[in-house]
Amino acid sequence: MISLPLKLANRHGLIAGATGTGQTVTMQAMNEQFSRAGVPVFAADIKGDLSGIAAEGQPGAIADRYAEMAGTFNPDACPVQFWDIYGNQGAPIRTSVQEMGTQLLATMLQLNQT
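If you count by full-length UniProt numbering, then the sequence shown holds residues 1 to 114, one letter each, in order.
These are calculated hints, taken from the structure and not from any lab test.
Small disclaimer: the values here were computed from a predicted structure and weren't measured.
Watch out, some of these pointers could steer you wrong.
[What the hints assert, rightly or not] With a Cα cut of at most 20 Å, we get these calculated SDA-like pairs of lysine to any residue: (1) 7 to 47; (2) 7 to 40; (3) 47 to 18.
[Claimed, not checked] The following label-pair restraints were derived from C-beta to C-beta distances: (4) 58 to 16: 24 to 32 Å; (5) 65 to 109: 48 to 56 Å; (6) 26 to 58: 18 to 26 Å.
Glycine included, every Cβ here is placed at the ideal spot set by N, Cα and C.
Could you build the full structure based on these sequences and the hints that come with them?
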């Protein structure tokens with residue numbers, strides 16, 4: 001088991017690897033630990049892989065294995081706030097056109113060079 005002291009967690013990081021090697025699970029575990037420590041996390045979750053931390057997990061057989069390795073397994077839910085630029089499936093992001101800038105506005109409007 002790898003640990004990261006909270007005092008070192010204020011730095012930028014990169015989680016990289018081939019498909020299926022655990023990047024999402026690593027990010028989810030880090031976000032859960034930050035939440036337990038009271039550290040707010042902003043994560044862009046394009047595919048919705050991290051949204052599961054909002055619900056309490058079902059431990060199943062992993063609780064026994066975790067108990068052998070590290071102690072008590074607590075599948076707690078973490079507080080989350082979902083933002084949605086369109087306001088359909090989360091809290092709307094409120095901003096002005098001037099604050100967004102041309103690049104983001106062009107992307108939202110699906111503009112191209114022609």
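Subject >> Given pair status - residue 18, residue 47, alpha carbons within 20 Å >> reply: Given pair residue 47, residue 18 holds - Cα atoms ~17 Å apart, limit 20 Å.
**OP:** Return holds or violated for the Cβ distance of residue 58 and residue 16 against the range 24 to 32 Å.
**Re:** Taking Cβ atoms as reference, residue 58 and residue 16 lie about 30 Å apart, which means the hint holds.
**OP:** Take the C-alpha atoms of residue 7 and residue 40, compute the straight-line distance between them, and say whether it is at most 20 Å.
**Re:** Since the Cα atoms of residue 7 and residue 40 sit roughly 14 Å apart, the hinted pair holds (cutoff 20 Å).
Original post:
Can the suggested window of 18 to 26 Å be confirmed for the beta-carbon pair residue 26 and residue 58?
Top reply: 21 Å, holds
**OP:** Starting from the range 48 to 56 Å, see whether the pair residue 65 and residue 109 falls in it by beta-carbon distance.
**Re:** 49 Å, holds
Subject >> Hint consistency between residue 7 and residue 47 [alpha-carbon to alpha-carbon, up to 20 Å] >> reply: Between residue 7 and residue 47 the Cα gap is close to 30 Å, so the pair fails against 20 Å, i.e. violated.
In this structure, only the earlier hint numbered 1 is contradicted, and the remaining ones agree with it.
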